[in-house]
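K.L.:
Spelled out, the chains give:
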Amino acid sequence: MSKATRDAYGEAILELGKANPDIYVVDADIGKSCKTVPFFEQLPDQHVNVGIAEQNAAGVAAGLATCGKIPFVTSYAVFGSMRMCEQIRQEACYPKLNVKVACSHGGFTPANDGASHQGIEDMGIYRTIPNMTVIMPADYYSAKKLVKAAAEYYGPVYLRFTRDPIPFIYDEDAEFEIGKAVTLKEGNDIAIIANGDIMSRAVAAAEELEAKGHSVRLLDMHTIKPLDVDAVTAAIEEIGSIVTVEDHNILNGLGSAVCEIAAEMGKGKVKRIGIQDQFGESAPYDRLLEKNGVTVENIVASAEAVMTSKCC
Amino acid sequence: MTRDEKVAYLKEKAIEMRKTALTMIHTAQSGHPGGSLSAADFVTALYFDEMNVKPEDPKWADRDRFVLSKGHVCPILYSALALREYFPFDTIYTLRKEGSILQGHPDMKVCPGVDISTGSLGQGLSTAVGMALAAKRDKKDYRVFCVVGDGESQEGQIWEAVMTAVKYQLDNLVIFVDNNNLQNDNTCDVVMPTGDLKGKFAAFGCETHGIDGHKMEEIVDVLDTIRDVKNGMPKVVVGKTVKGRGVSFMENVVMWHGVAPDKEQFAQAIAEVEGGLK
Ligand SMILES: Cc1ncc(C[n+]2csc(CCOP(=O)(O)OP(=O)(O)O)c2C)c(N)n1
Ligand SMILES: [Mg+2]
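Those protein sequence lines, which keep their order, are chains A and B. Residue 236 in numbering that gives the first Met the number 0 sits at position 237 of the first sequence, and the numbers go up by one each step. Residue 158 in numbering that gives the first Met the number 0 sits at position 159 of the second sequence, and the numbers go up by one each step.
The following block holds chain A by itself, in its conformation from the complex:
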């Protein structure tokens, strides 16, 4: 079974909006792709469409937030993190207003659309802005739960969803807490810390490593800010060998966040797997990941290399 996290967003935001009239969606003419059409159709009084004007969308959301609304500005990761970046910084993060930025098409998933639509820098950008929380769910059910958690939390949140169906990782009743990693597998030879839609690859790699006799700890780090420092510290202290996996530039995303902790502890070996600081292109999603080494084989090989390397 598989389903896209953007669908989870569309369903969750509708449920939230029905339960709470203060939940708003601010669209910028890509509601269809971001799955907010049912929200618009059923809750028109809680919906705003500002047209193709993302900077304004961010500001309007901030204004709504000062009047007690909980607006979800909805866009693609590229535009939601870069076109409206400074507006979100100034009008949502600086005043710590209750504005959520909910974006589909994170990472390489809009594969055939090409580089213009592939948001590979977004989480890193938002990670550097004070007061911002940055989340990427790994599947449909966790996405639904994390949208609800974001709505319940007071303050700006960036939520990153993806376009294409991805395998289910969790059961419907799994629970999630912002800033708290989920331990998908316990182990003590190697830690794989991953997030988002590549989680199924991390799971497959963990299984392969186990089959080869390695004990793997697999963490779903759905929130990269605030990072679950305790979980990362424990992985460094107890295991020491870590591979991070993400559908994001290896600069300033999950891998960087983990490395920062390891460097400051002066301990541990970390290999980052992710987009190799290069733009994508129009190509199948799997091919794009493959070109950047985000594959089961490379996760396995990297894990083995980290475990046996003599460095550090």
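Hints listed in this document are in silico derivations from the structure and should not be mistaken for laboratory results. All values reported here derive from a predicted model rather than from experimental measurement.
Taking beta-carbon pairs under 10 Å as the criterion, some of the chain B residues facing chain A (in silico): (1) 66; (2) 114; (3) 115; (4) 124; (5) 125; (6) 137; (7) 143; (8) 158.
Partial list, computed: chain B residues near chain A (C-beta under 8 Å): (9) 107; (10) 108; (11) 116; (12) 122; (13) 126; (14) 127; (15) 128; (16) 129; (17) 132; (18) 133; (19) 136; (20) 156; (21) 162; (22) 163.
For every residue, glycine included, the Cβ atom is placed at its ideal position computed from N, Cα and C.
Given chain A, put chain B with the ligands in place with the hints provided.
P.N.:
Only chain B with the ligands this time, still in chain A's reference frame:
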């Protein structure tokens, strides 16, 4: 109060407003006097007559909102808040100092009466649109007043916000355009001509009014005219203004955009302002 009494009262208040703004900028030896003085008369009319606010309850849900989209002229907003006793008057001497509620640009988290943090030009109007939309959706009567600079209107986001205000029929939104034809580097005509701003707002679908932005009579009259008009159109008042108005050596001089007066200049400025606008 009759109209004439009101005008006379507001003219007196405008003198206090200018003195307060100049005093805080002089004390801080930093800040933006030119645009503070050009917006002074309109902001005075808002805070001392037009706006429905409760300084003792700055977050009162039904209050009228004020958005200083050209946030750099916050000394004039801080003057209104100080004189209306949102905070102790002596706070004005802390402008731009470490730990002050009077940050270099307005910070809603720390300063009572600031409805939104601004300072990055082009953004405030969008937030004002969000507030006015919330009022409509909540069926509340409050209005939102927003002051926009003419240089600021070169930002594309201003026009995105105007389109949204027109689409959602925000007749509870009042935009004052401080049309002083000066910006940071030079005149607007040299940097980027803004052309017929009133015509542009009208073309976007706003109800527009042109006034002399320093004639309190015209300000009071235009606010009277638009107060109860529920025609689905955002209201735009383009005020012809003079940057630095009230201080002869600052008037229409680009340099006084963001420079603080020294001791002698300050003394002269206060003396001139005390005489009222000529
Ligand atoms: C986005 C942005 N760009 C540049 C600045 C720097 N800046 C501050 S004031 C100003 C000129 C503003 O001119 P105008 O809007 O006409 O204001 P006024 O003349 O009333 O001072 C500039 C460029 C800024 N604050 N924000
Ligand atoms: Mg100007």
